[in-house]
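*Asks:* Read off the chains here:
There are 2 protein chains.
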Amino acid sequence: MPQKVRIALDAMGGDVGASVVIPGAAVALARHPDCEFLLFGDQARIAPELEQHAALKAAARVIHTDVAVGNHEKPSQALRRGRKTSSMWLAIEAVKKGEADVAISAGNTGALVAMARFCLHMLEGIDRPALAAIWPTLHGECVVLDLGATIGADARHLVALAAMGSAMASARLHIARPKVGLLNIGTEQMKGHEEIREAGDMLRAMNLPQLDYIGFVEGDGIGKGAADVVVTEGFCGNVALKAAEGTARQVVEVLRGAIQNSLMARIGYLLARGAFQTLRNKMDPRKGNGSVLLGLNGIVVKSHGGTDAEGFASAVGVGYEMARYDLLTKINQTFNREGGALASVPAAQEAVS
Amino acid sequence: MPQKVRIALDAMGGDVGASVVIPGAAVALARHPDCEFLLFGDQARIAPELEQHAALKAAARVIHTDVAVGNHEKPSQALRRGRKTSSMWLAIEAVKKGEADVAISAGNTGALVAMARFCLHMLEGIDRPALAAIWPTLHGECVVLDLGATIGADARHLVALAAMGSAMASARLHIARPKVGLLNIGTEQMKGHEEIREAGDMLRAMNLPQLDYIGFVEGDGIGKGAADVVVTEGFCGNVALKAAEGTARQVVEVLRGAIQNSLMARIGYLLARGAFQTLRNKMDPRKGNGSVLLGLNGIVVKSHGGTDAEGFASAVGVGYEMARYDLLTKINQTFNREGGALASVPAAQEAVS
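Chains as they are written, first to last, in this note's numbering: chain R, 1 to 353; chain W, 1 to 353.
A few of these clues could be false.
Identical copies carry no separate label here, and so any pair may be met within one copy or between two of them.
[As the list claims (entries may be wrong)] Here are the simulated EDC-like pairs of lysine to aspartate or glutamate, each with C-alpha atoms no more than 16 Å apart in a straight line:
no., residue 1, residue 2
1, K191, E73
2, K96, E195
3, K4, E99
4, K224, D201
5, K224, E253
If you are wondering where the hints come from, they were derived from the structure by calculation, not from laboratory data.
Could you build all of it, start to finish, from the sequences and the hints given here?
*Replies:* Here it is in structure tokens:
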């Protein structure tokens with residue numbers, strides 16, 4: 001990698017586009033001065049935003065395009081209309097051409113997954129992409145995947161998710177051999193779907209040097225920090241993440257409503273606001289913003305569409321870390337060294353014999 | 001139903017048994033004086049607890065048994081060892097014999113599901129039991145099922161879950177036609193597994209008088225109160241519930257830790273403690289304790305094993321409501337009136353034509 005981390009941004013992605021993406025990039029640049037940016041999108045909307053951020057302007061190049069992927073376009077439609085022309089495509093293509101180390105978009109998830117797959121292709125030995133997010137735990141963070149890039153998973157795909165997730169965790173958390181758990185409805189070995197038990201048997205039998213398989217983790221184990229990486233198929237991962245995010249918001253909303261109902265409580269809140277700030281810092285969904293699209297020949301990060309500049313800066317930070325700490329090399333090491341093992345994984349019964 | 005609601009309790013169930021079950025029953029009796037209790041278990045452990053609760057003692061009869069199902073016994077093992085003899089079995093059997101209107105246990109979930117199924121049998125037209133819980137929302141409560149009585153579901157089973165869940169919601173929430181949503185990873189009709197889309201088509205086509213099908217609900221829609229009943233298969237429901245419970249605890253724990261770190265915040269907490277009490281009242285997992293085992297010829301309620309007397313009282317309250325407001329009649333009405341329709345539901349394509 002060159003000395004600078006080169007970040008390609010879809011400046012049109014998300015609910016509002018440039019007015020969040022550009023200030024977000026500026027915040028990220030202040031945190032990571034060793035970045036430079038390629039900004040893809042409508043010059044007329046990007047330029048005025050850039051005028052507000054001199055440092056970013058100096059570290060960025062704008063590549064104009066009129067075409068933007070709509071938030072409600074179907075993936076097939078987005079590909080037809082936006083291939084080779086849209087800001088989303090061009091950002092991804094910059095990674096493919098070697099002009100950027102990572103592409104980041106807050107746009108339409110389905111379109112992003114489809115375009116990234118189409119443009120970058122899958123890594124050898126990996127069939128399907130996965131979306132992985134950073135989840136706050138009581139003691140720090142963990143990586144959870146898949147969050148819905150695809151749904152359903154056989155044992156082999158779960159094992160691939162475990163390997164990719166641990167590469168991401170080691171880039172993010174700087175752990176050499178992350179603890180990996182499979183999400184299940186109980187921790188006993190007899191629990192859950194056949195494919196999960198089989199994946200557990202395979203991971204135990206393979207005993208990979210890149211990850212430490214610790215067994216099954218239940219839904220409440222994620223936030224407890226039971227593992228550094230929690231693996232599940234995309235449907236369940238998506239539901240779990242949204243249920244948890246919804247609950248965190250709900251708790252805060254109930255508390256806020258109750259505080260506003262009483263003068264005494266409002267005074268109490270003022271005195272305790274440092275504690276509430278700590279809560280926000282630890283549980284702020286904006287801090288976990290930035291899911292990594294794994295399994296591709298290149299790094300792509302998806303930001304929430306509805307986030308603000310602070311949230312978008314977090315997503316840029318995730319992209320920066322994945323590029324700086326060699327996510328792809330880490331994944332390739334696992335799949336090259338263990339490629340044979342991962343590709344021709346024996347059936348569970350053989351694996352545990 | 002006779003004037004009193006007759007409740008059979010497995011006094012040995014849960015992490016500690018009688019010392020939670022008996023005080024919990026006493027709290028529930030104070031709330032619902034029109035109850036009477038059959039207490040199954042070890043007389044030597046029940047009697048001293050009962051001595052502390054005169055009103056309960058007057059409203060209860062103890063039926064002694066030495067046998068209790070262990071928390072870690074496999075269902076098959078529990079059935080072999082505890083059928084006809086264990087406190088869990090005898091409580092369920094009291095419902096079968098018509099001596100009680102509802103059975104409640106804080107014991108081993110797998111054993112409870114297996115024994116209830118074996119003893120009471122499934123209702124006609126329903127293949128598999130389901131566990132349904134009450135989930136706090138921003139505006140009140142909703143019913144979520146299945147939480148893991150079984151895993152996986154085809155479209156027909158999802159439709160049966162919708163019908164049973166809405167009967168439970170109408171008994172709990174006193175709504176004539178509860179709003180029912182299917183849990184999915186997006187609200188667009190093209191999203192998710194085939195069987196979920198098919199179940200949605202079927203529910204729309206059937207247009208049952210007992211429920212108002214509103215479409216797909218995402219993970220964060222549950223706590224927002226998007227529907228009165230949220231339907232999913234057992235694996236995903238179990239993971240979502242535990243992820244949400246874990247997150248609620250995590251938020252409170254982070255906040256508590258932050259408050260304790262600062263004197264000012266501790267003073268603030270004292271002033272705002274009414275607001276924290278409101279939060280506890282609304283989000284207290286003990287208040288939602290008591291999952292209903294649906295689909296059987298009789299009402300069985302499962303309490304968390306690790307709950308306290310207050311939590312066990314909530315589970316008794318759920319059982320009371322289900323018996324008092326005729327859960328079984330409501331389910332049977334749906335399945336008798338729509339029995340043909342539910343049993344011979346046409347394929348989705350036909351249903352929506």
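*Asks:* For which of the previously enumerated hints does the structure constitute a violation, in increasing order of number?
*Replies:* 2 and 4
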